[in-house]
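Student: For chain Z, the structure is supplied; the task is to place chain G on it using the hints.
These protein sequence lines are chains Z and G, in that order. For what it's worth, numbering that gives the first Met the number 0 labels the leading residue of the first sequence as 0, then goes sequentially. For what it's worth, numbering that gives the first Met the number 0 labels the leading residue of the second sequence as 0, then goes sequentially.
In short, the hints are calculated from the structure, not lab data. Remember, predicted model here, so these are calculated numbers, not experimental data. Glycine is no exception: its CB is placed at the ideal position from the N, C-alpha and C atoms. The reader is advised that the hints may include incorrect statements.
[Stated by the list, open to error] If you want a taste of the chain Z side facing chain G, the calculated C-beta under 8 Å gives, among others:
{"id": "1", "residue": "A17"}
{"id": "2", "residue": "E20"}
{"id": "3", "residue": "M23"}
{"id": "4", "residue": "L24"}
{"id": "5", "residue": "H72"}
{"id": "6", "residue": "P73"}
{"id": "7", "residue": "K103"}
{"id": "8", "residue": "I107"}
[Said to hold, decoys possible] Calculated Cβ distances over 12 Å to all of chain Z for the following chain G residues:
{"id": "9", "residue": "K3"}
{"id": "10", "residue": "V38"}
{"id": "11", "residue": "D43"}
{"id": "12", "residue": "T120"}
{"id": "13", "residue": "C150"}
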Amino acid sequence: MAEYRVLLVDDEEEFVSALSERLMLRGIEVDSALNGEEALGRMDEKEFEVVILDVMMPGLSGLEVLRQIKSTHPNTQVILLTGHGATREGIEGMRLGAFDYLIKPVDIEEMLEKMKEAAKTAHMD
Amino acid sequence: MQTKVEELSRVKEIGFMGKVTASLSHEIKNTLAIINESVGLMGDLLRQDVPENWPQYSRLTELTASIEEQVQRSANIIKRLNQFAHSMDKSLADLDLNETVRQTVVLAQRFASLRRVNLETELDSQPLHLLSDPFRLLYVMFGLIERAINCSPKEGEVRVKTERSGKKFQVTVTDQGTFGPDEIRALVSASVSAEAEQGESDLALLAQTTEALGGTIGAEQETGGLSKVILSFPATMPTI
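The shape of chain Z in the complex, shown without the other chains (with noise of 0.2 Å):
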């Protein structure tokens, strides 16, 4: 049984495809979304540990995102995923409480470093 689950939010529909894909392949539970407000949705059905949250997407921000899960889903860690390192959407991401960011193309071994403290993290709230 996979030890944490994960939200994977993202607009680009083959980046989730496959990163899900991988993820799975390494035991990890996953979910998947491709916009901020089916993001959401997914949070009100089921419980994530982890979420993974692309920062630029059409619609909802993902910054908007990171504030509503912050507000109403404070257990759960989020890792921003951005472009760039130190940007604006960056830096104001992890001031509004993002665990951690990552930035694309993502490493994944990285990631599930990442994943792996950032449900730690979320298991000890």
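Tutor: Just chain G now, kept in the frame of chain Z:
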């Protein structure tokens, strides 16, 4: 002399270029992310489901590794493009001259490699804070380094040094070319002519931009017959 409206227009034009470049670089990053995960998945499935003694196993493993390397290489190039694009965000910012030189040298590296010129830096150990226009400063530094690369013989060396010298910050570009300091000074102070042949007014144009930024371009003879072009700015503390 540029009017304020012309200056504002120029700032807006540059800002537009930076905004669109940054946006495009973000889109390319998303594409790279898809390629990265897809090829990563190919590698995962190969390792999981394909026996190692399958004839094409090792070739496919090599190919997926090569694609992953090129994705990373592209990501690094896009990072540089994005940093360059963001230099156009503001017309005034608190800069560290060392960081600007680092960024310029990275941008100029390919030009140096194409001419087989070695590009070296010697940066001051302390940050050199300057209030300036990031894009125009990059433009001036790149112009001076590019000039030095083009003047240098193949297998030659261009050295870029930063230092605080009294009440000034200096960026010195040394090359092994044949232009002496008198010739360089003449080119710097020459009148800019729209009819001049391509490249003739380059140093004069860079000098004009440098003057607009509050700096100067000078030239000196280095020991061993090398030429130094020196970009100087007053070392005043930033107030933003």
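Student: All hints are to be evaluated individually against the structure, with a verdict given for each.
Tutor: A quick look at each hint next to the structure:
1. A17: 4 Å, holds
2. E20: Hint holds; E20 of chain Z Cβ to chain G Cβ min 6 Å, cut 8 Å.
3. M23: With Cβ-Cβ at 10 Å, over 8 Å, it is violated.
4. L24: Holds, about 5 Å.
5. H72: 26 Å, violated
6. P73: At 29 Å from the nearest chain G Cβ, P73 of chain Z fails the 8 Å test, so the hint is violated.
7. K103: With a closest approach of 4 Å, the K103 of chain Z hint holds.
8. I107: Status holds, d = 6 Å.
9. K3: Its Cβ never comes within 12 Å of chain Z, the nearest being 28 Å, so this holds.
10. V38: 9 Å, violated
11. D43: At about 5 Å from chain Z, D43 of chain G fails to clear the 12 Å cut-off, so the statement is violated.
12. T120: Nearest chain Z Cβ is 22 Å from T120 of chain G, so the label holds.
13. C150: Its Cβ never comes within 12 Å of chain Z, the nearest being 35 Å, so this holds.
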